[in-house]
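All chains should be built: construct the whole structure from the sequences, respecting the hints.
As you go down the protein sequences, you meet chains A and B in turn.
Quick note: the first sequence uses the working numbering, first residue 1, plus one each step.
Quick note: the second sequence uses the working numbering, first residue 1, plus one each step.
Mixed in with the good hints, there may be bad ones.
Claimed, not checked - Label pairs and their in silico Cβ distance ranges: (1) A/Phe49 - B/Gln39: 51 to 61 Å; (2) A/Ala41 - B/Ser73: 42 to 52 Å; (3) A/Ser124 - B/Ser73: 48 to 58 Å; (4) B/Asp59 - A/Arg134: 57 to 67 Å; (5) B/Asp59 - A/Phe49: 18 to 28 Å; (6) B/Gln39 - A/Leu113: 30 to 40 Å.
Quick caveat, the hints were computed from the structure, so don't treat them as lab data.
Think of the CB as a built atom: it goes at the ideal place given N, C-alpha and C, for glycine as much as any other residue.
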Amino acid sequence: MAQQENKISLSKKGKREISPFIGHELLYDYLSGSLDKERRAVIEDHVKFSRDAQLDLAKIQNGQNYAERLGETIVSQPIIAQISTTSSYFSVLMQKSNFDKWPQGLKWGLEALVVVLGIVILLSVTPWQKVMQRGVGSGSKEVVLAEVSKMGAGSTTSADSEDKPEFVDEGVKEATKEPVVAKAPEKTPVPEKAVVPTVAVAKNEKPAADTPSVTAVSGGFLYRGEIAVTNIEVVGPKITEKINELGGRKAGSVELGWKKTANSMYYHFTIPEAKYQDLMSFLATYGKPKISKEKHPRVMPDGIVRMIVNVDEAKK
Amino acid sequence: MTEADVQSIALFFYFALLDDQKAIEASSQALGLGRARKQRNPNLKNSVAVVAATKSVWDKYKARVARGRPNTSVESGWLIPEGVDLGPWREFQKSASEDELLTVIWSKILKIEDDDISEGLGITQGTIRYRLGRALRKLGSMTQGVSKLKHGSTGK
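Okay, structure coming up:
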């Protein structure tokens, strides 16, 4: 027992002193003030008598001061902004997948695949029907071939069908079933019934195959109406002149302003839709036009409307 | 995450990697990671999230960066305080162990509390203090003042 007690080095006050190793390791704790009173006193004693401890303490202090000075480093705003913005989903994905480290061939392949996919999606999503229609409808000079059904064997030749007028009067069209109509139209009382020889009149007109409207079967409109004017003999030619001036074109087989009876004139024509209102305004100066829009199987080209207007002498 | 946190993350990687561009890249990743952690656990302290995120990204980057070969320039936007020489830090970054390097940055440069560091890393505060003691001693020996004192006192 006595031998063991002799081995333990005790201080004069009977306290156990710390070894230089422990004292050395506790220097940072001493410096940061995280030791209790007793421990701090012991370390202070250790530092007082140990040159190495003094040096170590100085090192730690210097290191701490130096690091704290480094902590005053300022990061400029552009860098802060760069760090904050580059953490987008895509960039994180790229970084996580280590895209930079991928083999060059694989990268190119993947990029090509993405491009091809994009093109395929674009092609499949694009409404080609509409695109084609727009291309045809925008005043192109393409010729649309129309299938012409031959009504009645031998009665119409292929040449006849080509010579059909662009816009045939509805009345006239119906009347073509009657074979005898190539007489002077003035004598026929009702234009709807009056059948004009389509071949004879249509010779001066464009062939049916020139316009796409003939090919259409349903879904079009026809503006039909009438107006009562005073002094039809004077007003009639003016209306004809105005229609021509507005770009109107005769449709059907009779001429524009065909004199149906002594007190009635018949106008069957096409006119640019944009000029429709101008025409209505012009007609309104002579009377009250009553125009109705009717459904009609014939579809007109975009921007063109077809009209049938009867101009009558106002009843006194 | 506040702008101060972004600044802390940026400083961490600047001093840990000593590479301007890689510091920005790594900071960006760490910021994303830190935000994700905060989203998962809104009660997490920002400083703890910063420690955990920076450690996680550092683990990825440490293999890529050749320590001791700094790649920094004066005009790069990292404004070192006037009169501070980066030489001792370069030496320290080259020779210190990973634990020592990171602990000094978190504790002394970013001034994060020891308990936040220990929580972020999942280690005890005693370990943090031990690492700091060793690291600061090493860093201090690399600063000129200490070298002079040592040379003067030993008479070499």
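Cross-check of the supplied hints:
About 55 Å separates the C-beta atoms of A/Phe49 and B/Gln39, a value consistent with the hinted range of 51 to 61 Å. Between A/Ala41 and B/Ser73 the CB atoms are about 50 Å apart, so this pair conforms to the stated range of 42 to 52 Å. Checked against the given bound of 48 to 58 Å, the beta carbons of A/Ser124 and B/Ser73, roughly 51 Å apart, stay inside it. The beta-carbon spacing between B/Asp59 and A/Arg134, approximately 59 Å, falls within the hinted interval of 57 to 67 Å.
Evaluation of the 18 to 28 Å hint for B/Asp59 and A/Phe49 yields a failure: the beta carbon distance comes to about 44 Å. Between B/Gln39 and A/Leu113 the CB atoms are about 33 Å apart, so this pair conforms to the stated range of 30 to 40 Å.
Checked against the numbered hints given earlier, the structure breaks only hint 5 and satisfies all the rest.
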